[in-house]
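Work out the full structure, taking the sequences as your base and the hints as a guide.
Protein sequences appear in the order of chains A and P. Residue 351 in the numbering used here sits at position 351 of the first sequence; the count goes up by one each step and never skips. Residue 18 in the numbering used here sits at position 18 of the second sequence; the count goes up by one each step and never skips.
Hints listed in this document are in silico derivations from the structure and should not be mistaken for laboratory results. Any given hint could be a false lead.
[Said to hold, decoys possible] Straight-line Cα separation of at most 16 Å, EDC-like style, residue types lysine to aspartate or glutamate; simulated pairs:
1) P:K163 to A:D294
2) P:K163 to A:D98
3) A:K442 to A:D100
4) A:K147 to A:E95
5) A:K425 to A:D355
6) A:K358 to A:D432
[To be verified] Cβ pair distances, simulated, as ranges:
7) A:L36 to P:L135: 31 to 39 Å
8) A:I48 to P:L97: 22 to 30 Å
9) P:L103 to A:W469: 18 to 26 Å
10) P:V151 to A:K363: 40 to 48 Å
11) A:P6 to P:V151: 19 to 27 Å
As the structure is a prediction and not an experimental result, all values here were calculated from the model. All C-beta atoms, glycine included, are put in the ideal place defined by N, C-alpha and C.
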Amino acid sequence: MVNTLPYLNFIPAYVLIGISILIFFVGKAVPKISRLPVTVFFIFILCIAFMMEGAGSGSQVLFFNMIQIDSFSRLYNQLFFLVILSTVLMMSNSEEIDSDLRWENYGLLSTICLGMMFMVSSKHLLMTVVGIELVSLPSYLLVAMNKKNPASKEAALKYVLFGSFATGIMLYGMSFLFGLTGSLTFEGLWNGLSGYHILGSPIYFLAIFMTLGGIAFKISAVPFHFWTPDAYQAAPTPITAFLSCAPKVAGLALLMRFFAVLLPEQSEQMGVFISIVAMLTMTLGNFAALKQTDIKRLLAYSSISHAGFLLMGVAVMNDAGRQVVFFYIPIYLLMNLGAFMAIIYLSKGTNFQIDSYKGMIYKKPLLVVSLAVCMFSLAGIPPFAGFIGKLYLFKVVIEKEMFLLAIVAGINSVVSLYYYVYVLKVMIIDKDITPEIEFKGKPATIAFVASCAVPLVFFGIYWVPLLDWASKVVLFQ
Amino acid sequence: MIGIPEIFFYIFCALIFGSSLLVVFSYNLLRSAFALFFVLFGIAGFYVLLGGDFLAVIQIMVYAGGINILLIFGTMMTGSISQPETSNPSFQGILTLIGGGGLLLILLIILNHTTWPSQSLIDHGPTTKQIGQLLLRNYILPFEVISFLLVAAMVGAIVLINKGERS
Numbered sequence: 001m002v003n004t005l006p007y008l009n010f011i012p013a014y015v016l017i018g019i020s021i022l023i024f025f026v027g028k029a030v031p032k033i034s035r036l037p038v039t040v041f042f043i044f045i046l047c048i049a050f051m052m053e054g055a056g057s058g059s060q061v062l063f064f065n066m067i068q069i070d071s072f073s074r075l076y077n078q079l080f081f082l083v084i085l086s087t088v089l090m091m092s093n094s095e096e097i098d099s100d101l102r103w104e105n106y107g108l109l110s111t112i113c114l115g116m117m118f119m120v121s122s123k124h125l126l127m128t129v130v131g132i133e134l135v136s137l138p139s140y141l142l143v144a145m146n147k148k149n150p151a152s153k154e155a156a157l158k159y160v161l162f163g164s165f166a167t168g169i170m171l172y173g174m175s176f177l178f179g180l181t182g183s184l185t186f187e188g189l190w191n192g193l194s195g196y197h198i199l200g201s202p203i204y205f206l207a208i209f210m211t212l213g214g215i216a217f218k219i220s221a222v223p224f225h226f227w228t229p230d231a232y233q234a235a236p237t238p239i240t241a242f243l244s245c246a247p248k249v250a251g252l253a254l255l256m257r258f259f260a261v262l263l264p265e266q267s268e269q270m271g272v273f274i275s276i277v278a279m280l281t282m283t284l285g286n287f288a289a290l291k292q293t294d295i296k297r298l299l300a301y302s303s304i305s306h307a308g309f310l311l312m313g314v315a316v317m318n319d320a321g322r323q324v325v326f327f328y329i330p331i332y333l334l335m336n337l338g339a340f341m342a343i344i345y346l347s348k349g350t351n352f353q354i355d356s357y358k359g360m361i362y363k364k365p366l367l368v369v370s371l372a373v374c375m376f377s378l379a380g381i382p383p384f385a386g387f388i389g390k391l392y393l394f395k396v397v398i399e400k401e402m403f404l405l406a407i408v409a410g411i412n413s414v415v416s417l418y419y420y421v422y423v424l425k426v427m428i429i430d431k432d433i434t435p436e437i438e439f440k441g442k443p444a445t446i447a448f449v450a451s452c453a454v455p456l457v458f459f460g461i462y463w464v465p466l467l468d469w470a471s472k473v474v475l476f477q
Numbered sequence: 001m002i003g004i005p006e007i008f009f010y011i012f013c014a015l016i017f018g019s020s021l022l023v024v025f026s027y028n029l030l031r032s033a034f035a036l037f038f039v040l041f042g043i044a045g046f047y048v049l050l051g052g053d054f055l056a057v058i059q060i061m062v063y064a065g066g067i068n069i070l071l072i073f074g075t076m077m078t079g080s081i082s083q084p085e086t087s088n089p090s091f092q093g094i095l096t097l098i099g100g101g102g103l104l105l106i107l108l109i110i111l112n113h114t115t116w117p118s119q120s121l122i123d124h125g126p127t128t129k130q131i132g133q134l135l136l137r138n139y140i141l142p143f144e145v146i147s148f149l150l151v152a153a154m155v156g157a158i159v160l161i162n163k164g165e166r167s
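Right, dumping it as structure tokens:
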């Protein structure tokens with residue numbers, strides 16, 4: 001027999017997150033443990049994991065072709081730790097989270113984290129399925145655990161039904177792929193599909209499209225986006241912020257790894273297919289966002305359209321595209337998390353109507369200015385970082401001569417400006433008629449939003465450090 | 001020339017097809033749940049025909065024996081199961097019909113026109129030993145990681161039920 005224990009040396013962060021899952025789930029059985037500062041402990045674990053991934057080097061294929069550890073997986077894992085860290089900060093500043101359930105919540109977040117780490121490093125369809133399910137199942141639970149909003153049960157059920165449907169379609173497609181090629185590793189699959197009698201035949205497209213369905217569900221790309229607005233609206237706001245960032249990033253990374261070993265003629269076909277999905281996703285997300293009156297639904301549709309923009313970088317199918325996607329993701333995380341944190345502070349109970357934010361600039365000037373930076377950045381207005389990210393996405397697409405995709409994306413950027421600016425118009429120009437209200441939020445919330453806004457301005461002017469970071473993202477190195 | 005395996009294949013096909021129609025169209029939920037037992041049993045028959053002895057037993061034990069019994073218990077605990085208004089046949093509109101029928105048609109056409117690379121059935125003997133070795137060797141990572149998923153599902157179910165009790 002082969003001893004696989006030494007393999008664990010190469011994946012210390014995975015082991016650490018696995019142990020933290022056990023600690024959070026089992027730990028609650030210990031009496032009087034709820035007095036311990038569990039949030040500090042979780043943040044400490046995440047920081048250690050971040051440093052472990054930073055210290056790693058080299059490329060390894062582990063566990064009999066199951067996972068691949070390389071700079072791609074390490075850097076994405078670091079991003080996941082940062083997102084979960086911000087989510088934990090948001091959760092401890094939000095009233096929508098049941099503080100009795102902190103242990104369970106952190107355990108579920110750790111499980112999602114482990115799932116995302118396996119998604120970005122998997123090179124085998126079985127590991128892909130396990131990773132996707134490790135992310136999906138705790139996500140359903142986190143949506144359902146909202147004690148304040150009675151709609152959360154319904155939204156969670158919708159999420160579960162759509163999720164299991166998407167997984168079913170994905171598994172059906174994978175069974176076709178296995179039947180056609182007799183292999184489950186990514187290399188084996190694409191090599192097996194390269195024969196001329198298979199390439200371009202109906203079953204080839206059917207099998208691949210069905211397999212991509214499960215990944216599209218995680219990115220909430222068209223046509224697997226229907227769950228997004230309902231689940232986002234009913235979930236506690238910190239969970240919404242988390243779901244709008246992390247699983248999407250993991251899905252995109254998985255997609256890039258799935259397409260990393262394509263043969264040239266396959267990459268041509270898949271590039272066209274992904275660019276069609278990208279165009280549909282951004283157009284549908286943007287036009288549906290135009291008529292929203294609830295800020296969480298608006299941000300949900302905005303996140304759908306951003307998934308479309310990020311898919312542009314996937315569609316070009318080369319190293320430049322993958323690096324641009326990684327370049328855009330930290331910017332997207334900053335602006336999205338900042339916007340959601342501002343909503344947590346401004347909202348009362350479960351009222352998230354945009355109209356209730358009239359004249360907020362006179363009450364909380366710093367917060368609204370920071371939110372405005374995030375919103376302008378989401379829309380892609382020049383001095384802010386969102387513009388630079390979109391600029392690079394357009395650059396790689398035009399270099400690959402995908403002009404239609406570039407034109408559609410350009411039109412969509414203009415359309416998206418309308419609804420972002422509408423929110424700011426309500427907050428800044430409209431006069432408030434409601435009596436004075438007390439904000440119960442902590443000052444730390446405003447500091448969080450401001451600390452999201454400052455880097456957005458900084459990277460908008462000087463983005464070289466981010467570009468250097470992104471240039472390290474290379475597959476198989 | 002039709003051999004004995006082919007005869008059994010068609011018997012299992014008829015069993016699955018007939019009972020799934022019962023599952024979908026029966027007006028009594030309890031009868032649907034019982035009919036599901038025969039669907040799952042028929043699938044176990046397919047595994048036997050393909051030489052997957054271990055899978056067939058697992059299929060009967062877990063699906064036909066375990067999950068289906070749970071389903072039947074669950075159905076018995078719901079009130080007024082024999083009333084037609086709480087029953088399962090429903091018509092969701094013409095668009096759904098077109099969508100579902102179209103998907104069926106596409107699948108039928110594509111799967112019929114595909115030549116699958118097939119292997120002849122070799123008698124490997126009992127598969128239990130090989131499956132055990134694969135699970136603890138090539139597939140050790142998913143095998144271990146899936147346990148985290150089960151723990152998370154269990155904790156989540158307990159938390160949700162607990163919360164419902166308190167409120």
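Against the structure, the hints come out as follows:
1. Between P:K163 and A:D294 the CA atoms are separated by roughly 28 Å; this puts the pair beyond 16 Å, and the hint is violated.
2. As the CA atoms of P:K163 and A:D98 are separated by approximately 10 Å, the hinted pair is consistent with the 16 Å bound.
3. Straight-line distance between C-alpha atoms of A:K442 and A:D100 comes to about 20 Å, which puts the hinted pair past the 16 Å bound.
4. With a C-alpha separation of about 10 Å, the suggested pair A:K147 and A:E95 falls inside the 16 Å cut-off, and the hint holds.
5. Restraint check for A:K425 and A:D355: the C-alpha separation of about 10 Å stays at or below 16 Å, so the hint holds.
6. Distance hint between A:K358 and A:D432 is fulfilled; the C-alpha atoms sit about 5 Å from each other, no more than 16 Å.
7. Between A:L36 and P:L135 the Cβ separation comes to about 37 Å, which falls inside the hinted range of 31 to 39 Å.
8. Our hint of 22 to 30 Å for A:I48 and P:L97 is violated, since their Cβ atoms are close to 56 Å apart.
9. With their beta carbons about 44 Å apart, P:L103 and A:W469 fall outside the hinted range of 18 to 26 Å.
10. Taking the beta carbon of each, P:V151 and A:K363 are about 45 Å apart, inside 40 to 48 Å as hinted.
11. Taking the beta carbon of each, A:P6 and P:V151 are about 26 Å apart, inside 19 to 27 Å as hinted.
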